[in-house]
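Construct the entire structure; sequences and hints are all you get.
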Amino acid sequence: MTAVNSVLGAIAPDELGITLMHEHILYGYPGWEGDQSIAPLDRGLIVNNAVATLTRLKTIPASNPMSMPRPWTAAACLNSTRRFPKNPVFKSYAPPGTTTKEKERRRTGRSAAAWATSGRNARSCSCGK
Amino acid sequence: MREVTVGIRDTGIKAGGIKVGSSKDTITRYEKLMFETAVRVQKETGVPIITHTQKGTMGPQQAELLISAGGDPNRIQIGHMSDNTDIDYQEATFKHGVYAAWDRMGLQGLAGCPMDSGYPVMVELMKKGHASRLMISHDFIITWLGRPLNLPEAALPLVANWHPGHLFENIIPELKQGGVTDEQIDTIIRENPRRLFAGA
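For the record, the sequence lines run as chains R and Y. My numbering puts the last residue of the first sequence at 129; the count rises by one with no breaks. My numbering puts the last residue of the second sequence at 200; the count rises by one with no breaks.
One thing to keep in mind: the hints can contain errors.
[Stated by the list, open to error] If you want the footprint, here are the derived chain Y segments under chain R, 3+ residues with CB under 8 angstroms:
1) 120-134
2) 139-152
3) 164-171
4) 187-200
No lab work stands behind these hints: they were computed from the structure. Positions of the beta carbon are idealized from the N, C-alpha and C atoms, including for glycine.
If you want it as structure tokens, here you go:
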């Protein structure tokens with residue numbers, strides 16, 4: 001019987017159990033590495049998110065996969081990504097006569113004051129926690 | 001080949017599968033080359049091949065290409081089949097004896113294929129005897145490299161169920177309501193992945 005190459009080494013197919021065939025722990029479109037000023041690689045975040053989500057999945061009882069301990073909150077996960085500055089390139093366009101304050105609001109999606117006092121990398125994912 | 005037999009870069013972690021994909025309505029020459037190369041690696045290692053189809057097209061053609069190149073249908077999974085709810089498209093793919101994955105569950109709202117019409121199709125497929133070749137997943141992304149998907153507020157409800165618990169919390173109950181048995185569900189979520197990797 002063919003061995004399955006898991007991240008932790010070869011296992012037998014019989015050891016798989018319930019399997020989600022197509023999920024991404026980490027995903028980036030080509031060119032993501034050129035985006036480091038806006039969205040720097042954060043290894044700790046990646047690992048924490050992955051461990052939290054995968055640990056949660058492992059709590060699903062094999063005998064009754066429908067009985068999740070509590071509802072999943074993907075919405076929280078998706079929303080957390082919105083703490084990024086929103087598309088600064090597109091939002092930087094402002095017609096002539098736009099005030100400085102308004103330009104900054106367009107650029108960051110929030111007021112200049114809020115932007116200045118916020119942690120740029122203060123993003124976390126509460127998904128599965 | 002090296003990533004399957006030796007490891008990825010210097011990590012020692014070996015690839016457990018190969019993924020190839022094609023464009024909307026066509027498999028380009030370059031993509032065809034990738035499909036044929038994947039089959040060459042599969043022939044030597046037995047590794048499963050899973051695919052990306054674009055906008056619910058080319059599923060049957062992908063299966064045909066992989067098998068005609070010498071691929072083992074028992075070790076092939078055509079992906080993103082949930083992007084097309086046409087039963088004829090589904091059956092034309094299953095006809096080749098490959099596995100098919102409804103693996104964008106929770107994401108169909110964005111793909112233009114709302115699930116209201118999807119569940120009856122899944123139930124129908126199982127009634128036609130395809131449970132032994134069907135798999136379900138979400139194509140969920142735990143963390144994005146670079147800027148993450150930035151959806152406008154109005155689009156968020158479309159992906160409210162895009163999370164890795166969707167299968168267990170919502171899909172399985174919906175399928176059972178449609179008459180799918182516990183045994184069929186077990187086949188889909190446990191037995192089929194095992195058989196894909198075992199080549200059975």
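Structure-based check of each hint:
| no. | hint | result |
| --- | --- | --- |
| 1 | 120-134 | violated (count 0) |
| 2 | 139-152 | holds (count 13) |
| 3 | 164-171 | holds (count 6) |
| 4 | 187-200 | holds (count 9) |
Of the numbered hints given earlier, the model fails hint 1 alone.
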